[in-house]
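First to last, the sequence lines map onto chains B and L. In this text, residue positions in the first sequence follow this note's numbering: the first is 1, and each later residue adds one. In this text, residue positions in the second sequence follow this note's numbering: the first is 1001, and each later residue adds one.
Treat the hints as calculated values from the structure; they're not laboratory data. Glycine is no exception: its CB is placed at the ideal position from the N, C-alpha and C atoms. Please note that the accuracy of each hint is not assured.
Claimed, not checked - Cross-link-like lysine-lysine pairs, in silico, DSS-like; alpha carbons within 27 Å at most:
| # | chain 1 | residue 1 | chain 2 | residue 2 |
| --- | --- | --- | --- | --- |
| 1 | B | LYS149 | B | LYS79 |
| 2 | L | LYS1152 | L | LYS1038 |
| 3 | L | LYS1152 | L | LYS1060 |
| 4 | L | LYS1005 | B | LYS327 |
| 5 | B | LYS288 | B | LYS26 |
| 6 | L | LYS1038 | B | LYS75 |
| 7 | B | LYS327 | L | LYS1017 |
| 8 | L | LYS1158 | L | LYS1146 |
| 9 | L | LYS1055 | L | LYS1146 |
Stated by the list, open to error - Just some of the chain B residues that point at chain L, by a computed CB distance under 10 Å:
| # | residue |
| --- | --- |
| 10 | VAL48 |
| 11 | HIS51 |
| 12 | ARG55 |
| 13 | GLY57 |
| 14 | ARG59 |
| 15 | GLU60 |
| 16 | SER311 |
| 17 | THR312 |
| 18 | LEU313 |
Stated by the list, open to error - Some chain L residues well away from chain B (every beta-carbon gap over 10 Å; in silico):
| # | residue |
| --- | --- |
| 19 | ALA1071 |
| 20 | LYS1090 |
| 21 | GLU1124 |
| 22 | TYR1134 |
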Amino acid sequence: MNDILKTIVGPELLGDAMKIIIILLKIAAVIAVGLLHVAFATYFERKVMAHMQVRLGPREVGPLGLFQPFADGIKLFFKEDIIPQNADKPLFYLAPVIFFASALTSLSVLPFFDGFVIGNINIGLLFLFAMSSLGAYGIVLSGWSSNSKYAFLGGLRSASQIISYEISMGLSLVGVMMMAGSFNLSDIVRAQHHYPLGIFAVPQLLGFFVFVVAAFAETNRLPFDLPEAESELVAGYFTEYSGFRFAMFFLGEYTGMLVMSSVAALCFLGGWALPEFVTANLPEFAAKALGLFCFLIKVYAFMFLYYWVRSTLPRYRYDQLMAIGWKLLIPLALCNIVITGLAKMWFKGLL
Amino acid sequence: MTSGKLIRTIFFVEILKGLAFTLKTMLFTKPVTRRYPKVKVPALPGFRGLHALAKNEEGKLKCVGCGLCGAYCPSKCIHIYTSEGDDHSKVVDRYEIDVLRCVFCGFCVEACPFGAITLSEHYEYANYKREDFYMTKDRLLGNWDKYFAGPKGERYFKDFWQPKSENFIGARDQAMFSKVKVKEKK
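This is chain L alone, in the form it adopts within the complex (with noise of 0.2 Å):
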């Protein structure tokens, strides 16, 4: 042992170190604790919370009822049942979500073309029955008008949950095909 390690073991230096380092840490740094239920943390952009279906201008639902979004659920919990209207249309009858098996991939909202199912930024939403998570297309219209009701709300709806339909171009517009046009023309 030499004698400046000596030292250091009968002076205790490297608990005193330590001590002061816990002294220093309590003193100076501020803790990092969320005082949650008082203190809520604004949820990130593009938050995937709760689902809603969105309506549109007319308030009326925007599904179309075409399956899409059942078809690409990982966890298979978008249950949707249709009907044959008056005008030999197709009417959505039922359009359930079982909020408990579902994994908030958001693969619904990128195959939906027409934007019609949506994720808010809602996430406290715990309860106590099990048929309470389970979102029927009643209540999940009724989410769209609480959290998507207002400014903010649209906002967040056209920078994350925008419709693809809104995007489309016609295909001589895309670039690929008008190369092809030029093609042509010589």
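Next up, chain B with everything else stripped away, as it sits in the complex (with noise of 0.2 Å):
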């Protein structure tokens, strides 16, 4: 059979065949699992919340409330969906589409486990750079084409707000890839091999801290959440989007936070790295089994940090977002790439 095809297509031809089924079933995977983990996130988060309210949370639909998220999405699918009248119509429609598409794109570039990934590309880090910030095209189109002023000003403010943070998590990222030596996530997360504790986390530690704040406002979460103020702009870029249309927002979201959590335990916290002693003695597919579950416990840590601070503290004004940003941020980063690089040139034999 596979002589016959050879004879017909040519070998090279069928190779290129069986690699781009791979890569689709590939996709395939990673959207299905990661849009689970998605709706999962938002049954973890509103549990957390709940508990630090001191309430109960999601507990009626299925086991212990399990279902939720599914009852959630459900009932989105079948909401009427609304356009406004002197809405800009094709935009409107592309706005959510760019947003969601541009979060599961990220997730491409993501080694999930040792030797899993999409697309392994030597400018990784960068194309999730890229990647978050053509989500801002949707917010300001969705912001814009909605031809409402609290869609329209919230677009504003997600636009001026990511663009002030893009700056500082890339400045941030800068110190991990002088140490790492590579934009390739999975060159990365193998380069911390030789620090203390396996992780960047430790000698980046300023990295880290510029990275985690400029991650919340790049998702536009709380305390960043400006871009959504409820207290001001009702539901801030997606005031005018209903049913579906807001669930792709929603979605697009929570990807968004999965995905900087990932880069977060990939960049900083050793992602799915364990130590030599205890992968030596297992066979490859327990070692690989146990690094995924090493990495979703650090993703959802982070993913923990994110709800916590949710829940603990109020919005930012709008100046102090911008100050925090221009004034406190980016300084700290170019001093932690100073530092890097000094400590770089002078500990040559050490690092």
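Mind docking these for me? Both chains are given alone in their own frames, and the hints should help you get the complex.
If you want it as structure tokens, here you go:
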């Protein structure tokens, strides 16, 4: 059979076809599992926040309320899809798609465990920055096309916020790139083996701090959720969206959070890497599964930080937000780069 | 800025305190949520819920149609219609309460000399139509059977809506008048 196929289409073409099929399968798996994680991230958030506010959270739908995300999804799917009369229709349709697609595309360069990554490109981190900035276009377009003052203000706020924090976020990761000597996320994870505790968060403490704060602002989460400040702007940029278009913004936001948590886990917390003495005696499959488990624990710890901060801190004022971004985080990140560079130059043998 | 304040600002002492507080709440404080339809909180003693018309030992209406409850009612939601019976006695034809107008002050219960009108512990009577909240005599008597049946209802009735007639003492037995009597004797 293989021989017949080879004679018809040629060996190179068959190999390429197999590669494409494998990549498609990988994409399907990542999207399915990723969206499942997004669904349960919302459940996790509601539970954590409820217990921090002395409430119970969802527990009626299914055992312990575990089917709540699906109930919410079905409800959103069957809601009426309202489009404002004076909305810019093509952009109104396009905006949530851009936002959601850019969030999902970021998943393609994340190595979930050793050797599993859809696109193993050597500019993985840059790609992530590009995608998270592209998501801002979805927000700005939704604010513009809704033809509503609240949505417009939300969109403007989001644009300026993401531009400001993109800089400090990029700069905070420069330290990591310098230490790892690569943009590829898998290489960054492998490079962390030689450092104390096997993580970059220890030598890059300053960078990690800047990254965490910038990640909060980048995903429009509290205490920096000014684009969707409920008390001022109704719901911010997605005020006019309903039904499944709203769900796309919602999913995009949580996917963005998962991506940011994954980047934190990969670049600062060691990703899927385990100490040698653990993996040495394990079969390959078990070692990889353990690595994935380890990675997920780190991701969910970071997600927990998101929820924890959300239920603790009030929203920052807009000028405070800008002041933190420009006057605190960018100087700190630059400082971190200088220190890292000097350390790398002086302790060449050590690092 | 003092050095202590500077250190507190740099290390986010206040924010960390807040985070510690929320974490402590999450781990150690029991949620205060009442899972209402599943777990019901029992009504406190003397709770003023849905109205009921009391029955006497023979199972007949205690109400004599004097109309005091309707006269006292601040929201004027009690409507009583009486007629003359065969032996010249007063017959209560209709005794109706518009529950949606009622403010549950309980004045009707206090006014009633025979303990004929009562308020039960029942409060879950949401319904779809306005007419469902218009209590006629039959429905009020039915409420008595439903919510004051058994020893629990009886005790509740005795403790909180006890008929004043059972507490009546003749004028001579009252302290004030007995003093007068003493004075007369002197």
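Results of checking the hints against the structure:
no., hint, verdict
1, B:LYS149 to B:LYS79, "24 Å, holds"
2, L:LYS1152 to L:LYS1038, "22 Å, holds"
3, L:LYS1152 to L:LYS1060, "20 Å, holds"
4, L:LYS1005 to B:LYS327, "19 Å, holds"
5, B:LYS288 to B:LYS26, "16 Å, holds"
6, L:LYS1038 to B:LYS75, "24 Å, holds"
7, B:LYS327 to L:LYS1017, "24 Å, holds"
8, L:LYS1158 to L:LYS1146, "17 Å, holds"
9, L:LYS1055 to L:LYS1146, "12 Å, holds"
10, VAL48, "7 Å, holds"
11, HIS51, "4 Å, holds"
12, ARG55, "5 Å, holds"
13, GLY57, "8 Å, holds"
14, ARG59, "8 Å, holds"
15, GLU60, "9 Å, holds"
16, SER311, "6 Å, holds"
17, THR312, "5 Å, holds"
18, LEU313, "7 Å, holds"
19, ALA1071, "47 Å, holds"
20, LYS1090, "54 Å, holds"
21, GLU1124, "19 Å, holds"
22, TYR1134, "34 Å, holds"
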